[in-house]
Amino acid sequence: MHQPDPRRTIAPRDPKLVMRLERMGSFHQSRLSFMRILLRRLKAQNWTFEQVKFDINQRGVGTAIYAAHGPERSYSLVAFANDLPPEKRSDRVIATEWDATFTLFDGIPDEEDIDRLSRNVPRQEAGRVSERELSLSRANRSVRLWDHVVEALSQGRQPDREKVEEVGYLMRTTAVYGSGKFGAADREQSAHRPECQGPFQIEMLSVYLTRAFVMDLVEHMARQRAPQTAVPLDPALRRRFGIGNSTGLGMAPFLLNHPALISNWISAREEALARIRSLPAASKDDAQAFRDFAARAELHSDYWSSEHPVQVAKLSRLRADMKALRTHLETADLTGDHPWNRLWLWAEGALSVEGQEQLTSLLMEPYGDLVDGLSDCMSADEARFFRIDGSMPISRLKALIAQIYDWALAIDWDDPAAQARVWYVSEEKLEPRMGERFEEPIEPYEQPLCPGRDAARLYADLEQSEDGPVAAFLLRHPDHRHMVRRAQIAASHPYAEIRDNTISATVMPIDLLRAKLSFFGACHFDPRSDRWVRINMFQHAPFPHELASGNADDWTYPYLAGAPG
Amino acid sequence: MSWSLNEVEGLARKAARGAGFSWGLAEEAGIATRWLMAMGLPGATALAGLLTRNDGVTYTSICPVDTDGRWRARGGTLCPLICGAAICDHAARLAEDKRIELGETAFPLLVLPFAAGAAQLTGKQIEITWPGCAATIGPDGKPGLSETTSVETALTAWASIRVTTGGNAGPRRAASRCEIPAAAAKTLAGFAHRTYAPDTPESRLSGAGAGLSDND
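Going down the list, the sequences are from chains B and P.
The letter at position 249 of the first sequence is residue 252 when you use this note's numbering, and the numbering goes up by one with no holes.
The letter at position 207 of the second sequence is residue 213 when you use this note's numbering, and the numbering goes up by one with no holes.
Please keep in mind that the hints were generated in silico from the structure rather than gathered at the bench.
Just so you know, not all the hints are guaranteed correct.
According to the in silico footprint, chain B covers these stretches of chain P (three or more CB under 8 Å from chain B) [what the hints assert, rightly or not]: (1) 10-22; (2) 31-37; (3) 64-71; (4) 89-96; (5) 117-127; (6) 192-203; (7) 206-212.
In silico negatives: residues of chain B with every beta carbon more than 12 Å from chain P [as the list claims (entries may be wrong)]: (8) 53; (9) 114; (10) 232; (11) 380.
In this text, all values refer to a predicted model and were calculated from it rather than measured experimentally.
All C-beta atoms, glycine included, are put in the ideal place defined by N, C-alpha and C.
Construct the entire structure; sequences and hints are all you get.
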């Protein structure tokens, strides 16, 4: 047993260390990831699940509804399955049709709702939903694995485990739209509900139910093909299927546009690490639990594959790190003399950034009672921090910028490489894009996603101003209003600001994507370029009908041989 | 068509940016329009009118200059968004001096959300009046409108913002959805469109990252 209220003697890590893109692009899922928060709640509150409707024909076209019943409310995933011609199957925003489309309905839909949704949800961005809908999403098949699984099951045999593990999912979502998008309910409508207080709980529930639907669908299609011989998937093999996701630049600006929220996510994670490093001792059980998780994480790194050269190199370092950790653990004492801090200090010298961040997540695993409560601190009332404090003296603002953006003040912004990129929104796709400032006519459309440069510009103008309240400065310099707001938010939110140049010639947007997706709980990051990434979600998780008896919590790492899975 | 408030905020922010406001002021326009629409007031229509009126006008001709305790614009007519943001920025001074007087101002309704912001910042009740309209806003940021004959006015000769202790004329309940008149929505969408970069063959290829195949 660890102490219920340990004295945290070690401070959380410095934002200047944590908020670098290289490190954020090496974050791993943890106990504080949103899909794990969701499943812990669903299990603790005895949520029940029900397939309300499954009306899908031989061609795979039709409607299905999955309801989740909580203590106060029900939510329904409404799924529309499609028979998509292969030439239309694209993950990107250019697509207009998908293998399946979804909405998470607030309650249980009636026939009128389903009729309305059937005319809008399959059209996605071109359709319109209402305040009864909480999310809008779509998914495409992994054709190769889908065909293999349908064929195997229809012939009465299980699919090849290696093939299953190579892809890891039968469908991947290509967008999950939440709060207020395309007419859906604003987050404010549900934010006060206990089950929605954690970030992205609606979206995670939608994806969790989507995975259940996809597995039911593949078994259904096998039965349709050969009713006499078809078999369902073996439950253990079935859990090896996650739900994939392809994510591109649409998600990247989020981290920059929600500084208070991001700070709270990362503060929770850093507080968790600091609490565990502060423990003076660990029980033998906790030490053994950690060793088991380290072994499972090593297995996880072996199952993780990517063709992208950057990720290939990171994976090889991670595997070496996991091996080094295993060797270290063979002789390390994990019980006395601040064992986790000693381990951490060893890791700072011995492991790559990938390995260090994997260790951050691993250290949390045995300590649910120290960590899980921090999930209540991960949302943010962003409106509270919107108003600028106009009475702040210019001298104080300058000091803040010199402290938080010192790295940006040290950059030579006249160097073309420092400002090589521009974030803009494409007219055709209405999606964020990144382009070359000095090669494309896009600068007039630049989005405010480069706090470093903007802080340096603001600082230069502040230096030309006499001291006084910032209110008068802002009247003269309206162009700095956005940056003054950011700096003031960052003053009260230590992890609000990324301490790297987000428009440099070498910026990798996939680092931003991975930071966010790791908080979702995603695994197996597989960048397909510097700007989009494939991931796997809910792999190894129990399905809704297994949740009451299954392991709702530490399912994310593959189980060791012989362990129940 | 029923709009979510996030959609309203996003449309208003982009439209204000498209009309030439700085990003920081465009953010204020988004929050202000959202607040008005949630209160059942015609914020989107006012914003559409303001952006149309000021299209191509320079910042310095519509921003406030303090002359004799009254804010005026060099070009004659104040912009309510710039004034509104400045009122919030000067909330401490408002609490001390008890009032800010505005000269000729376009679409004064758009100042109202900022008066609410100032009430929240100062923890005091704020009254805003212009000919044909009086509103009080408590420190909770909820408005009560005692006179509403001119919420839609496109131009007022003056407006006055002051700290008061009088009664609140029945706060409004915030709504979670709103309707934007089609003409205003079209105008705002037109301004918002200016923020989108036209695609080129190069940007189509690389803007989202070319990379490997989608299908597996």
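Status of the hints after comparison with the structure:
1. Residue count for the stretch 10-22 of chain P with a Cβ under 8 Å from a Cβ of chain B: 4. That meets the three needed, and the coverage hint holds.
2. Only residues whose C-beta sits within less than 8 Å of a C-beta in chain B count toward coverage, and the stretch 31-37 of chain P has 4 of them, enough to reach three; the restraint holds.
3. Remark: the stretch 64-71 of chain P is confirmed as covered by chain B, as 3 of its residues place a Cβ nearer than 8 Å to a Cβ of that chain, reaching the required three.
4. Check result for the stretch 89-96 of chain P against chain B: holds, 5 residues qualifying (beta carbon to beta carbon below 8 Å, three or more required).
5. Counting residues of the stretch 117-127 of chain P whose CB falls under 8 Å from any CB of chain B gives 3; the rule of at least 3 is met.
6. With 4 residues having a beta carbon nearer than 8 Å to a beta carbon of chain B, the stretch 192-203 of chain P meets the requirement of three or more and the stated coverage holds.
7. Closer than 8 Å: that is the beta-carbon criterion, and the stretch 206-212 of chain P has 5 residues meeting it against chain B, so the requirement of 3 holds.
8. Under the 12 Å C-beta cut-off, the non-interface status given to residue 53/B relative to chain P holds; the minimum distance is some 28 Å.
9. Interface exclusion of residue 114/B from chain P stands, the closest Cβ pair being 21 Å apart, more than 12 Å.
10. Against chain P, the non-interface label of residue 232/B holds: every CB pair exceeds 12 Å, the least being about 28 Å.
11. With a minimum CB-CB distance of about 23 Å to chain P, residue 380/B clears the 12 Å threshold, and the non-interface call stands.
Of the numbered hints listed earlier, not one is contradicted by the structure.
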